[in-house]
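Visitor: Listed here are the chains, written in short residue letters.
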Amino acid sequence: MTTTTAPAPARPVAGPRLRTRRGHSVDKPRRSVLLTVLTTVVGLYAVVPLVWLIINATKAQDDLFGSFGLWFAGDFSLFQNIADTLTYNDGIFVRWLGNTLLYVVVGAGGATALAVLGGYGLAKFQFPGKRAVFAIVIGAVAVPGTALAVPTFLMFSQMGLTNTPWAVIIPSLISPFGLYLMWTFAAEAIPTELLEAARMDGASEARTFAQICLPLLGPGIVTVLLFTMVATWNNYFLPLIMLKDPDWYPLTVGLNSWNAQAATAGGQAIFNLVITGSVLTILPLIAAFLLLQRFWQSGLASGSVKE
Amino acid sequence: MTARTRRTLVRTVALAGALSLGLAACSGGGDSGSGSDDASGGGGSLTIWAWEPALTDVVADFQEDHPDVDIELVNAGTGNDQYTALQNAIAAGSGVPDVAQIEYYAVPQFAIGESLTDLTEFGADELDGTFSPGPWNAVQQGEGIYNLPMDSGPMALFYNAAVFDRLGVEVPTTWDEYLEAARALHAADPSVYIASDTGDAGSATSMIWQAGGQPYQVDGTDVTIDFTDEGTQKYTDLWQQMIDEGLLSDISGWTDEWYQGLGNGTLATLVVGAWMPANLESGVAQASGDWRVAPMPQWEAGQSVTAENGGSGLSIPAGTQNAELAYEFLEYATAGDGVQTRIDAGAFPATVADLESEEFLGKEFEYFGGQKANEILAQSAADVAEGWQYLPFQVYANSIFNDTAGQAYVSDTTLQDGLLDWQEKSIAYGNEQGFSVD
Amino acid sequence: MTQTVPPPVVADPLRTARRPARRGRWTGWGFVGPFMAVFALVFLAPIVYSIYLSLFRQQLVGGNAFVGFENYTRAFGDPAFWSSLGRVTLFLAVQVPIMLGIALLVALALDSGRLYGKSFFRISIFMPYAVPAVVATLMWGFMYGTRFGLVGNINDAFGISLPNPLSPDLVLLSIGNIVTWSFVGYNMLIFYSALRVVPASLYEAAAIDGAGQWRVIRSIKLPAIRGALVIATIFSIIGSFQLFNEPSILQKLAPNAITTSFTPNMYAYSLSFSGQQYNYSATVAIIMGLVTMVVAYAVQLRGMRKEA
Chain A
1 MTTTTAPAPA
11 RPVAGPRLRT
21 RRGHSVDKPR
31 RSVLLTVLTT
41 VVGLYAVVPL
51 VWLIINATKA
61 QDDLFGSFGL
71 WFAGDFSLFQ
81 NIADTLTYND
91 GIFVRWLGNT
101 LLYVVVGAGG
111 ATALAVLGGY
121 GLAKFQFPGK
131 RAVFAIVIGA
141 VAVPGTALAV
151 PTFLMFSQMG
161 LTNTPWAVII
171 PSLISPFGLY
181 LMWTFAAEAI
191 PTELLEAARM
201 DGASEARTFA
211 QICLPLLGPG
221 IVTVLLFTMV
231 ATWNNYFLPL
241 IMLKDPDWYP
251 LTVGLNSWNA
261 QAATAGGQAI
271 FNLVITGSVL
281 TILPLIAAFL
291 LLQRFWQSGL
301 ASGSVKE
Chain B
1 MTARTRRTLV
11 RTVALAGALS
21 LGLAACSGGG
31 DSGSGSDDAS
41 GGGGSLTIWA
51 WEPALTDVVA
61 DFQEDHPDVD
71 IELVNAGTGN
81 DQYTALQNAI
91 AAGSGVPDVA
101 QIEYYAVPQF
111 AIGESLTDLT
121 EFGADELDGT
131 FSPGPWNAVQ
141 QGEGIYNLPM
151 DSGPMALFYN
161 AAVFDRLGVE
171 VPTTWDEYLE
181 AARALHAADP
191 SVYIASDTGD
201 AGSATSMIWQ
211 AGGQPYQVDG
221 TDVTIDFTDE
231 GTQKYTDLWQ
241 QMIDEGLLSD
251 ISGWTDEWYQ
261 GLGNGTLATL
271 VVGAWMPANL
281 ESGVAQASGD
291 WRVAPMPQWE
301 AGQSVTAENG
311 GSGLSIPAGT
321 QNAELAYEFL
331 EYATAGDGVQ
341 TRIDAGAFPA
351 TVADLESEEF
361 LGKEFEYFGG
371 QKANEILAQS
381 AADVAEGWQY
391 LPFQVYANSI
401 FNDTAGQAYV
411 SDTTLQDGLL
421 DWQEKSIAYG
431 NEQGFSVD
Chain C
1 MTQTVPPPVV
11 ADPLRTARRP
21 ARRGRWTGWG
31 FVGPFMAVFA
41 LVFLAPIVYS
51 IYLSLFRQQL
61 VGGNAFVGFE
71 NYTRAFGDPA
81 FWSSLGRVTL
91 FLAVQVPIML
101 GIALLVALAL
111 DSGRLYGKSF
121 FRISIFMPYA
131 VPAVVATLMW
141 GFMYGTRFGL
151 VGNINDAFGI
161 SLPNPLSPDL
171 VLLSIGNIVT
181 WSFVGYNMLI
191 FYSALRVVPA
201 SLYEAAAIDG
211 AGQWRVIRSI
221 KLPAIRGALV
231 IATIFSIIGS
241 FQLFNEPSIL
251 QKLAPNAITT
261 SFTPNMYAYS
271 LSFSGQQYNY
281 SATVAIIMGL
291 VTMVVAYAVQ
301 LRGMRKEA
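Residue numbers (full-length UniProt numbering), protein chains in the order written: chain A, 1 to 307; chain B, 1 to 438; chain C, 1 to 308.
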């Protein structure tokens, strides 16, 4: 699609100095309406279902089934729905939200820490077995997780971990993709000369990492954190297997149990709360993304001060 | 026996794994789950896995009478989700609840795996006559009783009277009339279907049950499966016509579209168990006053034969330390004061005394326009055809119903061929699992 | 597995080697060790256990017995397994190129700086990734409804009759759409962030040469993000072979079109959770793991060849 646009006019080169990447692409090219329209198509594709979700969060249970999906129904019940969602079943939703936050903070935080350490180690050190590490990681990831659920459950059960938050947190500490991202990022972002200089000064490896490398890895860390956060926030299958006690459910499992409730004899159909709950589930993630994006932007710029 | 082998094996592997990782794992020691040590006497604690909402109140009342007892009521998923969890817990040998809700069709599977406590040792056999015959037969396996019936699902015809009136169609009393009504409704208003069906193992087996079919014969581990008997034929002949003529909507049950169809008059009837009213009241509130209940359509005019559809009871998984206390709760919830609590919450009981009580029969349902619906539903409970058996691996069999018989709804395969395919795959599975099936 | 225990990180200020490789051969493990230790617990141990399980057969009646490779021979002759593998292979061949293609084009468009409202697009296209699969599938399931869903609305409004997206012929396409919707933004972001770290000097050199946009894309941008492309492809391949969440939730809406052996992963799940055939389920999982690994390595070898 991009090929249809005219080549950008060449911009005179300012000089041989180091320049940030921002300078290149933001202020140089002419904006293209055609390209914007084409991207808008993709944007609409992404957004319309979300609009459906938000519109339907404003409907009461009756209207939900009785009105056109992409427009508002008679009564605007959004606030009622939110209130109901937060208070239904003694406010279990709030508890789920708290659980999810716990899993995200400990799980995604831990996953990011492990991936940063591991990626840095892979990028900047030679050690026995290094080549095997990534091969093993990719190989293990290739085995379907759903089929490993039972063995994992039986193992965790023997360790007394099932039905505790650890059963959710420990598996989410591993982000193979995060490891890869940090590996490639660290390889590029940290000049080897810098490390050698630090070593010559007698800094310990831990100190070198913490004081010199970590700041350089900022944007990579934020990216990995973003991905692990989303993954933990949306984690569904493993908690479903590991947890029996609704008090420890994350939001995804809780919402699905509300959804399943409609198919239970004597159960109450609460699709409206499922939908409102879904919106409430997504919002914090989008907020976090908007927030992290700022770091991500500035981080990217500073991270690329290198040739 | 098998559980023990498995448990040792799991422990060994887990231990080996933990050791090689250099982690200080306390293997086995931390088994929680079953709670307290001494069940006898006043105190004790129970873990109950159940999804029936009304049990919350029952538990609260029970605790009022037994202040020393500590009960944890856990919703570990509905139906199959919970069975999976239960099977996993049994396999792992830890975290097994003291009481579990189990649907009748799944009871034989757990009983034959020796996963449930035989309740005759606590005197459950004395409850003979307390429950209506359908559920009571379902919870017995050989000499043992493995479950106490909580609710039941004698079938009836739920129909949207407003739609029938508007389109001038008579409410069917036989299956022939049902077919006629299906044609008439759809012809009068093409957006209206008499029902939706995308293939449901529970419904199909219940229909065959009512038609007198007995495809499953079980004697211990000797099992026969035969979907060519006369009862099955009656069902497939009728339903094949419904499918061929496009008289069934292709909306799957229990989805939001389905609820919408029930609410806006495009799905005109439901042939289901007597537990349905509570679901209609909460899920299809906008059609309140439009719906009525009628006896299940008959294969021969003038007969009154019905079948059970769904329903569940409470079991005590094997190996719990608190079996006595657990049984006390079972009795309270299924045959004691707990029954009325659940009826008040909208459940349909399995106890004969309640099914015959005037208060129960005289209840006027606002949702059904003041109709005394329980009269019809209770009559249905008394008319359930005898001799039906489920497979000792019905949970798995039901899970592959749509792979096989369900294909009749979306391809040229006939329902009869689909059922034969289902039969074949069920036989193969049963033999693989060590049963002797043919 | 024992080697994953991390040795202590020893700081030795006196011996500062010029080349990191020479300084403490095992130092790298100090950083990689924690990851690998947890990894061994949550991935390797269950896999080893699964391999062990795959050599046995447990029956509801009759107990447990060692059967050697019998489960494997059974899998090789199991039509349900092969048809599910064929289905995800088809899915892989069609959905992954489309998804990655869209993601790449959007990433290039964003990076070109020629878009109005760039940050809006970046966020909005990424947002679907934040929607849990459960919610995403519920949502699309509603819109696929031919009677009261969006498809039904369109049919009514235009008096046409769109085919049912959940019919057996189209359901794979419909699932592909949900997956694409969910993951375009995710892949876009990976490509985009890879593009953002391309050194500015390369563009300057290209500008001096008078290279056009298209040249810049072909000669600078694409080679620069080759690594990201390869890894996104590998993870998409793994994702396709492991397709599970979307079909299994849609199964409620289309029980006949989506069978219990629709994908290998669903098959393994159904064997294990409905059928209690843990052993055979483990076997299917191991075979799928091997197949996925072979394909992923092939892609990696091919993709990385020019870099070596």
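Derived by calculation from the structure, the hints in this document are not laboratory data. A quick note: this is a predicted structure, and the numbers were derived from the prediction, not measured. It is possible that part of the hints are untrue.
[Stated by the list, open to error] Listed next, the in silico DSS-like pairs over lysine-lysine satisfying Cα-Cα at most 30 angstroms (straight line):
| id | chain 1 | residue 1 | chain 2 | residue 2 |
| --- | --- | --- | --- | --- |
| 1 | B | Lys234 | B | Lys425 |
| 2 | B | Lys234 | C | Lys252 |
| 3 | B | Lys425 | C | Lys252 |
[To be verified] Part of the chain C face toward chain A, derived, beta carbon under 7 angstroms:
| id | residue |
| --- | --- |
| 4 | Trp26 |
| 5 | Gly86 |
| 6 | Arg87 |
| 7 | Leu90 |
| 8 | Ile125 |
| 9 | Gln242 |
| 10 | Ala285 |
[Unchecked claim] Far from chain B, some chain C residues (derived; all Cβ distances over 10 angstroms):
| id | residue |
| --- | --- |
| 11 | Pro34 |
| 12 | Leu60 |
| 13 | Val61 |
| 14 | Val94 |
| 15 | Phe142 |
| 16 | Arg147 |
| 17 | Thr180 |
| 18 | Ser201 |
| 19 | Gly210 |
| 20 | Ser219 |
Here a beta-carbon is modelled for each residue, glycine too, at the ideal position from N, C-alpha and C.
Visitor: Any hints from earlier that this structure breaks? Give me their numbers in increasing order, please.
Guide: 5, 6, 7, 12, 13, 15, 16
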